[in-house]
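With our numbering applied, the sequence shown has no gaps in its numbers, which climb one by one up to 56 at the end.
Some hints here could point you the wrong way.
Stated by the list, open to error - Listed next, with one range per pair, are the computed distances between beta-carbon atoms:
1. 47 x 15: 19 to 27 Å
2. 19 x 55: 15 to 23 Å
3. 27 x 1: 13 to 21 Å
Unchecked claim - Here are the simulated lysine-lysine pairs, BS3-like style, with alpha carbons at most 30 Å apart:
4. 24 x 46
5. 2 x 46
6. 29 x 51
7. 53 x 35
8. 29 x 2
9. 43 x 29
10. 44 x 2
Since the hints were derived computationally from the structure, they do not count as laboratory data.
No residue lacks a Cβ here, since even glycine has one placed at the ideal position from N, Cα and C.
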Amino acid sequence: MKGIRMDFVHIFVENGIRRSSDFKKWTEKEVLALKGIGSVTVKKLKENGIKFKNEK
Numbered sequence: 001m002k003g004i005r006m007d008f009v010h011i012f013v014e015n016g017i018r019r020s021s022d023f024k025k026w027t028e029k030e031v032l033a034l035k036g037i038g039s040v041t042v043k044k045l046k047e048n049g050i051k052f053k054n055e056k
């Protein structure tokens, strides 16, 4: 994915997010709760076409 630093990729992998499709199991809020992940990273994920689970 463009613009996503490797240290962030490691955070995702450590939390079970190994493929782009894995983000569909997580809400934006849950991803933002991961230590080290902020709104800029979530914005870049969206720019790369990542879809998140809908919040209820």
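Hints, one by one, checked against the model:
1. About 21 Å separates the C-beta atoms of residue 47 and residue 15, a value consistent with the hinted range of 19 to 27 Å.
2. The given range of 15 to 23 Å is respected by residue 19 and residue 55, whose C-beta atoms sit roughly 21 Å from each other.
3. Here the CB-CB span from residue 27 to residue 1 is close to 19 Å, well matched to the stated 13 to 21 Å.
4. Note on residue 24 and residue 46: the hinted pairing holds, with a Cα-Cα distance of about 12 Å set against a maximum of 30 Å.
5. Among the hinted pairs, residue 2 with residue 46 is consistent with the structure: their alpha-carbon atoms are about 11 Å apart, no more than 30 Å.
6. A distance of roughly 13 Å separates the Cα atoms of residue 29 and residue 51; the hinted pair therefore holds under the 30 Å criterion.
7. Restraint check: the Cα-Cα separation between residue 53 and residue 35 comes to about 19 Å, which is no more than 30 Å; the hinted pair holds.
8. Between the alpha carbons of residue 29 and residue 2 the distance comes to roughly 22 Å, so the proposed pair stays at or under 30 Å and holds.
9. The straight-line distance between the Cα atoms of residue 43 and residue 29 is roughly 12 Å, inside the 30 Å bound, and the hint therefore holds.
10. Of the pairs offered as hints, the one joining residue 44 and residue 2 holds, with about 8 Å between alpha carbons and a cut-off of 30 Å not exceeded.
Checked against the numbered hints above, the structure breaks none of them.
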